[in-house]
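Chemist: One-letter residues, chain by chain:
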Amino acid sequence: MRRLVLALLCGSAVSLAFAGVAVTDDAAQWGPYKVGDKRSGYTFAQPETRAIQEDDFENPAFLLVDAAAELWETAEGEAGKSCADCHEDVESMKGVGTRYPIYFEPWGKLMNVEQRINQCRVDNMKAEPWKYESDALLGMTMLVKLQSRGMPMEVSIDGPAAPFYEKGKAFYEERRGQLDMACAHCHVDNAGTMLRANLLTQGQPNGFPTYRLKWQKAGSLHRRLRGCNKQVRAKPFKAGSDEYVNLELYISHRANGLPVETPAVRN
Amino acid sequence: MAKPKPRIRAPKKASKGEVIEIKTLISHPMESGQRKDRKTGEIIPRKIINAFTCTYNGQEVFKADFHPAISANPYMSFFVKVKESGEFEFTWVDDDGTTYSKKSKLTVN
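Listed in order, the protein sequences are those of chains H and C.
Here the first sequence is numbered in the numbering used here, starting from 3 and rising by one per residue.
Here the second sequence is numbered in the numbering used here, starting from 36 and rising by one per residue.
Hints in this document: simulated from the structure, not taken from any laboratory.
Treat the numbers as computed from the prediction; the structure is a model and nothing was measured.
Certain hints may be false.
[Stated by the list, open to error] Okay, derived cross-link-like pairs now, PhoX-like style, lysine-lysine, Cα gap no bigger than 20 angstroms in a straight line: (1) H:K219 x C:K40; (2) C:K48 x C:K118; (3) C:K138 x C:K98; (4) C:K74 x C:K138; (5) H:K219 x C:K38; (6) H:K40 x H:K171.
[Unchecked claim] For each label pair, taking beta carbons as the anchor points, the in silico distance ranges come out as: (7) C:D129 x H:M153: 37 to 43 angstroms; (8) C:K48 x H:M153: 30 to 36 angstroms; (9) C:P64 x H:A164: 42 to 48 angstroms; (10) H:D191 x C:S67: 45 to 51 angstroms; (11) H:E90 x C:D131: 19 to 25 angstroms.
Ideal placement from N, C-alpha and C gives every residue a C-beta, glycine not left out.
Next comes chain H alone, as it looks inside the complex (with noise of 0.2 angstroms):
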């Protein structure tokens, strides 16, 4: 008895000792990745999904990005605009990346990049809106992020957002699903152990939307989320609901000073 004591002791020590120079070892060599104690789920990754990530010829979510640069300049509705008609070069869409989801004044709650994009096909462009998780929708969410691709986050949580933001925390911390777990159990208390066979990362937001190798495609953080809560056997809500929506406002503040990312991919 006392000799597997002592065995599951030096094992513990072990895995221990592992832990520690897996967290410490690269603290100086991630660069935009890592600002203060925030790491992006780039740092993570394995460097073979690391290496996809840098060049973009590999990275499979471009194909997606490439479609919808032709969607930009196509006009559709009965307004027959196409985005490029007001917004012209899609470059104008530098910075907004890093500060949705905001809140809508006429919608009196927050809104994000995805429901932007299609609140501007129904009001200007007079067409139908796109389907959450469509490839049209994940392609121009992606294609207007890409523009900030290296902008640090800088969402705001003042003013109108604030009680928006409260909620969002309060999802974040609250127990759900059979295994009664929050968000924060795993990614804020157990970030950087393992779960059985994955590195639990801080679960920030900045590269979504993201080509997830699981997925063999590139989706959204709402589909994401789903996944997440549908791991702690909760019921999930719908992608596109309030209450995700609140919860990107928490999670994005959470990831301000990280870089956007957008596509990035992830395991």
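Starting from the known structure of chain H, arrange chain C on it as the hints suggest.
Modeler: Only chain C this time, still in chain H's reference frame:
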């Protein structure tokens, strides 16, 4: 589905005798011909890229035949040894006979 769009990553400059890597990718659904339409039950006709060739100054340097098990958006990279300046031409052939091509110039010194 948007029109297939070829993409190339090849160096612009190389020294004589150097072995260079060329990366190619074309956006294409690669419909295998094995799938059925969920609503009607009819087989979706096969439509894939079935051949790829790369020529350098008109001379064939690389060639590949594709079959239905190749995934969508086929990516391929290969190595070429270069001796003189010239131009690569990449051609993809679709099942319906359409060809998509792209060119890339290379200076050898």
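Chemist: Taking the hints in turn, state whether each one holds.
Modeler: Against the structure, the hints come out as follows:
Restraint check: the Cα-Cα separation between K219 (chain H) and K40 (chain C) comes to about 18 angstroms, which is no more than 20 angstroms; the hinted pair holds. Simply put, K48 (chain C) and K118 (chain C) have alpha-carbon atoms about 12 angstroms apart, close enough for the 20 angstroms limit, and the pair holds. Simply put, K138 (chain C) and K98 (chain C) have alpha-carbon atoms about 16 angstroms apart, close enough for the 20 angstroms limit, and the pair holds. A hinted pair counts as satisfied when its Cα atoms are at most 20 angstroms apart, and K74 (chain C) with K138 (chain C) does not qualify at roughly 41 angstroms.
Of the pairs offered as hints, the one joining K219 (chain H) and K38 (chain C) holds, with about 19 angstroms between alpha carbons and a cut-off of 20 angstroms not exceeded. The hinted pair formed by K40 (chain H) and K171 (chain H) meets the criterion: a straight-line CA distance of about 17 angstroms does not exceed 20 angstroms. The hint said 37 to 43 angstroms for the Cβ distance between D129 (chain C) and M153 (chain H), and at roughly 40 angstroms that hint holds. For the hinted restraint 30 to 36 angstroms between K48 (chain C) and M153 (chain H), the CB-CB distance of approximately 32 angstroms keeps it satisfied.
For P64 (chain C) paired with A164 (chain H), a C-beta distance near 46 angstroms keeps the hint of 42 to 48 angstroms intact. Evaluation of the 45 to 51 angstroms hint for D191 (chain H) and S67 (chain C) yields a pass: the beta carbon distance comes to about 46 angstroms. As the Cβ distance of E90 (chain H) to D131 (chain C) is approximately 37 angstroms, the hint placing it in 19 to 25 angstroms is violated.
Against the hints set out earlier in the document, violations occur for numbers 4, 11.
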